[in-house]
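There are 2 protein chains.
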Amino acid sequence: MGIKKSQFEELQKRLKSKLVQGNEVDSVAPRPFDPAAAVILGIDPSLRASGFGKIRLAGRTMKAIDYGVIECPKSWPKSRCLGAILLGMERLLAEDPPDCCVFEGLFYSQNLKTAIIMGEARGASLAAAGSRGIDSYELAPRKVKQALVGFGGAQKSAIAKMVQRLLSLDQEPMPDAADALAIAIAFAFEHSGVILHPPVRI
Amino acid sequence: MGIKKSQFEELQKRLKSKLVQGNEVDSVAPRPFDPAAAVILGIDPSLRASGFGKIRLAGRTMKAIDYGVIECPKSWPKSRCLGAILLGMERLLAEDPPDCCVFEGLFYSQNLKTAIIMGEARGASLAAAGSRGIDSYELAPRKVKQALVGFGGAQKSAIAKMVQRLLSLDQEPMPDAADALAIAIAFAFEHSGVILHPPVRI
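Going down the list, the protein sequences come from chains A and B.
Residues 46 to 247 (this note's numbering) make up the first sequence, in order.
Residues 46 to 247 (this note's numbering) make up the second sequence, in order.
Simulated from the structure, these hints should not be mistaken for laboratory data.
Accuracy of the hints is not assured; some may be wrong.
Note: identical chains are not told apart, hence a pair may lie in one copy or across any two.
[Stated by the list, open to error] In silico SDA-like links for lysine to any residue, alpha-carbon gap of 25 Å or less: (1) LYS119 x ILE179; (2) LYS158 x ALA94; (3) LYS119 x VAL84; (4) LYS201 x PRO186; (5) LYS108 x MET207; (6) LYS119 x LEU151; (7) LYS206 x PHE196; (8) LYS158 x ARG187; (9) LYS108 x ARG187; (10) LYS158 x PRO186; (11) LYS158 x SER91; (12) LYS119 x ARG177; (13) LYS158 x VAL245; (14) LYS119 x GLY178; (15) LYS188 x SER213; (16) LYS108 x ALA199; (17) LYS158 x GLN216; (18) LYS119 x VAL245; (19) LYS188 x PRO220.
Isolated chain A (complex conformation):
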């Protein structure tokens, strides 16, 4: 009954040092990371097209390590898409392991059915990070836009162009990948100096 003891101990080992006291973990300063060498994974989760973007900080510059979209055809049932997201995340967490994951915060204006599907896509990615003891944070889309181009209502194409410029990419990344890279960049900005808006740990 329950999770077996050995499994639980393994779980505890994998999750060691992650315990945060109390229930007031909604808004915490991220654990310090080395701004000269940190790896940050940005995620823009969705069931059919999860964007991801991994960057490495190097002093005052940053470099894209990996970015793209986990695409799942409409013909796949939901559990297969979520499985693909999980496997994709496992690769992203295993190769050049990130110091933390940063997710796009949610709009709460969606309907319930959409909200649950969005939650499921987030859950698959978050679980992958959580099972490896990697901290996850979220940043609201407006905060990401503000950090990148100084205007919370900026258009997607403006963000993609800024991402391309900041990371010296040959071409503009695909929209979902650009969003994910923007999340990682915004997080790096906020935590290399003044913290304007503490991200919400999830």
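Starting from the structure of chain A, add chain B where the hints point.
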């Protein structure tokens, strides 16, 4: 960029033969399983207390293999809970691998925030099953109650007592575990003979 080819091929291999044509996969008859030897895993997902119950069919009888609750203290951040759910599911899927997973269907009367959290918990479990190519289904709570005690509005304690009796357990299982066992039993009932209500594949 994107998921690497080797990774994608591995994914395809793990998910092989799962492709369903078209987008009309919402309501399908489950793939046939051997009613004399099938293993069914019922899941009642929630962030802090996911119930699980695994049963093995043996002709006209059924036996509980494993059941319990994946509990996550309130002090844990969300990603850690989801990680624990994922690791718990991975153990449940590896030991006595189930032929399919059956989830409790959702109430849509919750608020958006609750719906997203519920979705995240479902997503973590669903992703684990999906990444191994195990089919997942859902059954509405009322259908589960109807199947077990003939009345969709039955109380939880009545369900737990029926679960205990059907599986010849020494004592009543914990409520969340009883719910999960009930889901697995209801699925087994429906697919050992007449299908009253085709479950929704998710």
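Do the hints match the structure? See the list:
| no. | hint | verdict |
| --- | --- | --- |
| 1 | LYS119 x ILE179 | between (30 Å within a copy, 18 Å between copies) |
| 2 | LYS158 x ALA94 | both (18 Å within a copy, 22 Å between copies) |
| 3 | LYS119 x VAL84 | neither (32 Å within a copy, 29 Å between copies) |
| 4 | LYS201 x PRO186 | within (11 Å within a copy, 42 Å between copies) |
| 5 | LYS108 x MET207 | within (14 Å within a copy, 59 Å between copies) |
| 6 | LYS119 x LEU151 | both (23 Å within a copy, 22 Å between copies) |
| 7 | LYS206 x PHE196 | within (14 Å within a copy, 59 Å between copies) |
| 8 | LYS158 x ARG187 | both (24 Å within a copy, 19 Å between copies) |
| 9 | LYS108 x ARG187 | within (23 Å within a copy, 53 Å between copies) |
| 10 | LYS158 x PRO186 | both (21 Å within a copy, 17 Å between copies) |
| 11 | LYS158 x SER91 | both (13 Å within a copy, 17 Å between copies) |
| 12 | LYS119 x ARG177 | between (30 Å within a copy, 19 Å between copies) |
| 13 | LYS158 x VAL245 | both (24 Å within a copy, 15 Å between copies) |
| 14 | LYS119 x GLY178 | between (32 Å within a copy, 17 Å between copies) |
| 15 | LYS188 x SER213 | within (22 Å within a copy, 56 Å between copies) |
| 16 | LYS108 x ALA199 | within (23 Å within a copy, 58 Å between copies) |
| 17 | LYS158 x GLN216 | neither (36 Å within a copy, 37 Å between copies) |
| 18 | LYS119 x VAL245 | between (32 Å within a copy, 16 Å between copies) |
| 19 | LYS188 x PRO220 | within (18 Å within a copy, 42 Å between copies) |
Checked against the numbered hints given earlier, this structure breaks hints 3, 17; the rest are met.
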